[in-house]
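Residue-level listing of the chains:
There are 2 protein chains.
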Amino acid sequence: MAELITIDDPADPRLADYTDLTDVELRRRREPAEGLFIAEGEKVIRRALEAGYAMRSMLLSAKWIDAMRDVIDEAPAPVYAVDPALAERVTGYHVHRGALASMAREPLPEATEVLATARRVAILEAVNDHTNIGAAFRSAAALGMDAVLLSPDCADPLYRRSVKVSMGAVFSVPYARLTTWPRDLTQVREAGFTLLALTPDAKATSIDEAAPHRLERAALLLGAEGNGLTRHALAAADAWVRIPMAHGVDSLNVAAAAAVAFYAVTTGRPTA
Amino acid sequence: MAELITIDDPADPRLADYTDLTDVELRRRREPAEGLFIAEGEKVIRRALEAGYAMRSMLLSAKWIDAMRDVIDEAPAPVYAVDPALAERVTGYHVHRGALASMAREPLPEATEVLATARRVAILEAVNDHTNIGAAFRSAAALGMDAVLLSPDCADPLYRRSVKVSMGAVFSVPYARLTTWPRDLTQVREAGFTLLALTPDAKATSIDEAAPHRLERAALLLGAEGNGLTRHALAAADAWVRIPMAHGVDSLNVAAAAAVAFYAVTTGRPTA
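Line by line, the protein sequences give chains A and B.
Using full-length UniProt numbering, the first residue of the first sequence is number 1, and each one after it goes up by one.
Using full-length UniProt numbering, the first residue of the second sequence is number 1, and each one after it goes up by one.
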């Protein structure tokens, strides 16, 4: 059973993992460097634990102790009970979900490792917005993508906001980061994948006609909201696919486009 | 050509259409009562005009006059040039898109009128969030839904934020509001539509197996984020369909779910 420790000094060094959570730039540097990430709220904390991440510590306001009793009992890490005002002072915001956990990062697998067992892969290029990364993971997980690969400039899936928007899906879909872009896409092709670039370009094949669910191994390349895929990524693809558009609309938002593309590439696939 | 009128008094009654735009409750009452809606930004204003809405007036900061010159030249309505500080004082926020137009609402068509020529209809129940309404319209338009029907408690598609999130798609998809819910769904069935309720319920048929794109006329019932469809709406449907979920994820967000369902129901449909 974990120790339940009441802390009333906001400068207590045991709270260091939780300081200045609203300072995005600071946290983006600190968290990977210190090997931690923050899980927020009961559901996300439970999902991180179920996925096998080790807890460094947990910070709770008193009224969450009962709801989290079983987690506290099994946590091999200190649990800090604080009052909401102190939590706000330390973190920089009103922690209305009442529970935060600092979790230990795991080393990311290599792309080749992730690709070995996957048949449906999403590859995100330059998605540097934490909300969009989280939304993409939630849809990728829900719609049965087996893995996600990230270009070097994608945002961190374990950043607090990404984790929250994904509803913890970042814990359940294996992912890796490519280091040389777009050159490392050759690893994907060498693993037997057909590389499909999602683009509104009129030269692309309509995704329903392309019937990507019939491919043995399909990797779907998606760009960021607004700019879409770079020329380099488009050039590296085996084929271009587009979602057919009606009513003179030029695009879907990136979360809707990703969901449709994931559905098109996974549904109808033969069960393994 | 429109008059270009410089105004430097924030209390000028000619600016009445633009006052307190950030007061959602006030604007929700005022705009339908006064028969107006606000289009924000160059692109959305142009789309409202293209869709045939009449302009009551336009409010611009000086640097937008050149970009909007052709619109000003053709606008049969006064155009008010104001400085950004005055625009902010009147509207209550910094109008960073620099251009607002007050447009006249049109009477909404009856549901039966909208249904007469449609083959793919989205029916939204209790989607009372302006962002979600806008997102649903954007996806419905992009993915080729012919019309949208709204339950009585859905948010206003012409509210400023709905219009903006939809990127103007609320102007291009015909829509109507049902008055008695869910009883008016019988109008949809009488028009020859099969009513499909989208639900995560395990008793529902997987949407790919249901193959709704083969239906001659399909109406897709969608509920709000969180609660989903009410019992009444579920009971009124001809069939339940669900999006297959993987990785233990229990749901997609409402925009992603709507996009997938619209794609499933429109794609592969025989061209009319």
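Hints are computed from structural coordinates only; laboratory data are not their basis.
Fair warning: there could be bad hints in the mix.
Which copy is meant is left open, because identical chains are indistinguishable; a pair holds if it fits in one copy or across any two.
For lysine-lysine, the following DSBU-like pairs were computed, each having C-alpha atoms within a straight-line distance of at most 30 Å [as the list claims (entries may be wrong)]:
hint : residue 1 : residue 2
1    : 164       : 43
2    : 203       : 63
3    : 43        : 203
4    : 164       : 203
5    : 164       : 63
Consistency of the hints with the structure:
no.	hint	result
1	164 - 43	within (10 Å within a copy, 33 Å between copies)
2	203 - 63	neither (58 Å within a copy, 37 Å between copies)
3	43 - 203	between (44 Å within a copy, 25 Å between copies)
4	164 - 203	between (37 Å within a copy, 29 Å between copies)
5	164 - 63	within (21 Å within a copy, 40 Å between copies)
The structure shown violates just one earlier hint, number 2.
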